[in-house]
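Protein sequences, first through last, are from chains S and H.
Sequential numbering from 1 applies to the first sequence in my numbering.
Sequential numbering from 353 applies to the second sequence in my numbering.
It is worth saying that the hints were derived from the structure and are not from the lab.
Keep in mind the model is a prediction, meaning the values are calculated, not measured.
Some hints could be false.
Unchecked claim - Facing chain H, according to a computed beta carbon distance under 10 Å, are these residues of chain S, among others:
1. K222
2. K240
3. E243
4. Y249
5. G272
6. V281
7. R284
Where is the CB? At the ideal position from N, CA and C, for every residue including glycine.
Number of protein chains: 2
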Amino acid sequence: MSGQAVIALDGMGAERGPTVVLRGAEIALERHPGLRFIVFGNAQRLEPLLSKSVKLKGVVELRHTELAVSPEDKPSHVLRRGQRTSMRLAIDAVAAGEAAGVVSAGNTGALMVLSKFVFKTVPGIDRPAIAGFFPTLRGESVLLDLGANVECSANNLVQFAIMGAAFARTVLGMPRPTVGLVNVGEEELKGNETVRAAAQMLRNAALPLEFHGFIEGNDIPKGTTDVIVTDGFAGNIALKTAEGTAKLYSQFLREAFRRSIFSRLGLILASGALRTLKERVDPRLYNGGVLLGLNGITVKSHGGTDATGFGTAIGLAADMALGDIAGRIADDFRQFGGLLNPSGPRAAAMLS
Amino acid sequence: MSGQAVIALDGMGAERGPTVVLRGAEIALERHPGLRFIVFGNAQRLEPLLSKSVKLKGVVELRHTELAVSPEDKPSHVLRRGQRTSMRLAIDAVAAGEAAGVVSAGNTGALMVLSKFVFKTVPGIDRPAIAGFFPTLRGESVLLDLGANVECSANNLVQFAIMGAAFARTVLGMPRPTVGLVNVGEEELKGNETVRAAAQMLRNAALPLEFHGFIEGNDIPKGTTDVIVTDGFAGNIALKTAEGTAKLYSQFLREAFRRSIFSRLGLILASGALRTLKERVDPRLYNGGVLLGLNGITVKSHGGTDATGFGTAIGLAADMALGDIAGRIADDFRQFGGLLNPSGPRAAAMLS
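Taking the hints into account, I'd like the entire structure generated from these sequences.
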C-alpha cells in the first residue's frame, strides 16, 4: 500500500535516543515514499541530526518542546501535567487533523492513557486493545490483547475479535480473516466461563470474520488462525514467552555450533542460511503494538528498538492510516456491534 | 537419586500402544535399577510384549483388566463407572500401598479426577496443581499450574508456590528455590488483583523458598527463577506457546539450511551440533506433568510420547517417590500453611 500521509512522531521516546526516530523515518520512506512527518521534541537535539539527513529534507516539520515523558512517569500524572510533552503534542496533532497517526517508543501506559483520552473510544467498544503481528509457520498472525486489559469480559473478547479482524483486513490484506479464541483446550466445555461465553457469541453472530473456535498456545506460532484473541494477561505472557523461547533457541544454537571444528566450519558455510533464519524471526520487522478501538491511530514501538524497528512501526502506522482502519472499525461496530451485547446499555435503551 | 520403589503403570493409556509403556519401563530402569512395576491392562496385549523383554523379567507384575479409559471419556463418567479401568486400578494400587506412584499417558481430566478422589488433597491445600519442568538458559525450571485450575485465587497461587518449591527441592535438588509470580510487568502496581494479593502474601510469609517477585513471560525460558507460578489458564498457554515456538524455530532452521549448496554442506558438517541442540530441547526428556498437592504421586505422560518420553515420566515418578514429595509438601503445609490463610477455615477454627 502506498500513498500520502502525515505521521506524527514522538522524537523523545526511544531509549537509544532521537537518532532512532529520524533514521526510522528515513527507513519508512523507502517503502512509503509519500510519507511526511511532524516530529515533536527538543530542537537542540533534533535539529543537528535532521540537518545531516538528505532523505528527510522537506519531509519533516520539527516542533520544539522541552518536555518529554519518561519511562518512570505515572500515566495519571502525564495525563494531568503532560500537556506540553512530545508524546502528548504528537497525539494532539492527530486529533487536530494535522497528522493521520502517531508513533512513539515511549512509556506504554502513558501512551495508552493519553491516546484514549484524546482520541476517545469508537462507539460500541468498551475498551481499546493492543494488537501486534508476528511470523508463524503459515505467514503472519495478529494477536490481541497484548496487555491493555488484564481482566476481560466475554463482550471485550468479542470486540477484540472484530477489531483484530479489521486490522488483518486492512494491514495484512486478508479479505475474511480466521479468528481463534485462546483456551486451555479445543473442546467446547473447556476453559473459564468468559471464553466459553465469548465463543458462543462469536459462533452465533454474523460478523466480517471466520470464527474458527478455540485454539491453544501452540496454535499461536503455528498460525492456525489469522487473528488470535485472548485477554491482556494471557496475551502478554504468550507473546513474551514466544520471544523468550526464540532467544533461548538461538542461544542454544550458537552454543551448539561452537562445539567442534566441524560445526564451526559448518557454521561458516551455513552463515547465509542462518542469516535468512534470523531475518525471518527478526523482532524489528514485527515491531509495533497498535492501539485498536480508538478514533485515531497510535502505534507503540518497542522502547529499546533501533532505526529498523522504528521504521517498521512507522510503516505500520502508515498502513493503518492509508487503509483507514479507524473508519473500518467504526463501520463494523455500527453494523455488527448491536448484535453482540443484548444485555448491554444499547439494547436496554431500545427496550425502554 | 537411586533406590527401591514400585511404580504402578497404566498399560493402556499411550496413543502408540502398550509397547511405549513397557519399553519406557526398560529405559527408566537404566537410571533407576532398583525400580519394580505393576502394569495394569489387557493381558492378551501385554503378555506377548512382556515375554520378549529380558530387562523386565522379574521386575514387572502384570494385572489384567479388560477396561481402559479412552481419551474421549468424560472424567465424571470414569469416576462413577471406571472402577475396573487400568488407570483406576493403577491409582488404587498406590492408595493400597502396593506402589509408590502411578504413571499414565491417558485422559488427563480422568487421571486428575481419579487421583484427587482416591488420594485426597493434602490438608491445607485447596486445589492440586499440575507442574512440569523444562530447559531454560540457566538450566531447568518448574512451571505450575499447567491447566488444572483455569481460575485461581491469591491463596491458590501461594499454595502453588509452596508446592512448586517442594518439587524443586525434591526432584531438581535445589536447596532453597527461587520463586517468581508471572505478571504482565515487574512493577508492584501492575497486573490483576489476584497476583498482587498473592505477591503480598509471598513477600510477607516466612516460607521454605526465596520469593523473587513478579516475572514476565520472557523470564520463563530465560530461567530467571527456579519455580514459576501462574494460574492454569496462563500457564497452559505459556507452556504450549513455548513448545510451538520451538517447533516454529526448528522448522525455519530446516528451511534455511535447504536454501543453497553451501548451507546443505554446512548442515552436514554441523549435524553433530544440531543433534546436541535437538537433545537439549527434546520434549521427551522433559515429559511428565506431575499432580502436586495430593497424598499420592501421579505423573501424566504426554499421550503421544514414545518409549523415551514415557521412561522420563517414570523416572520423574521414581524421583518423587524416593524423595517423598507428598510427605514434604504435607510437612510444609503443616508448618507454613496456617500463616497463609488468616481468613481460611483453620484460622476460623482456632478462633472459635
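Going down the list of hints, with the structure as the test:
1. K222: Holds - the Cβ of K222 of chain S comes within 10 Å of chain H, reaching about 6 Å at its closest.
2. K240: holds, 3 Å
3. E243: holds, 5 Å
4. Y249: holds, 4 Å
5. G272: The hint holds - G272 of chain S has a Cβ within 10 Å of chain H, the shortest such distance being about 6 Å.
6. V281: holds, 7 Å
7. R284: Because about 16 Å separates R284 of chain S from the closest Cβ in chain H, which is outside the 10 Å limit, the hint is violated.
When held up to the earlier numbered hints, the structure conflicts with hint 7 and nothing else.
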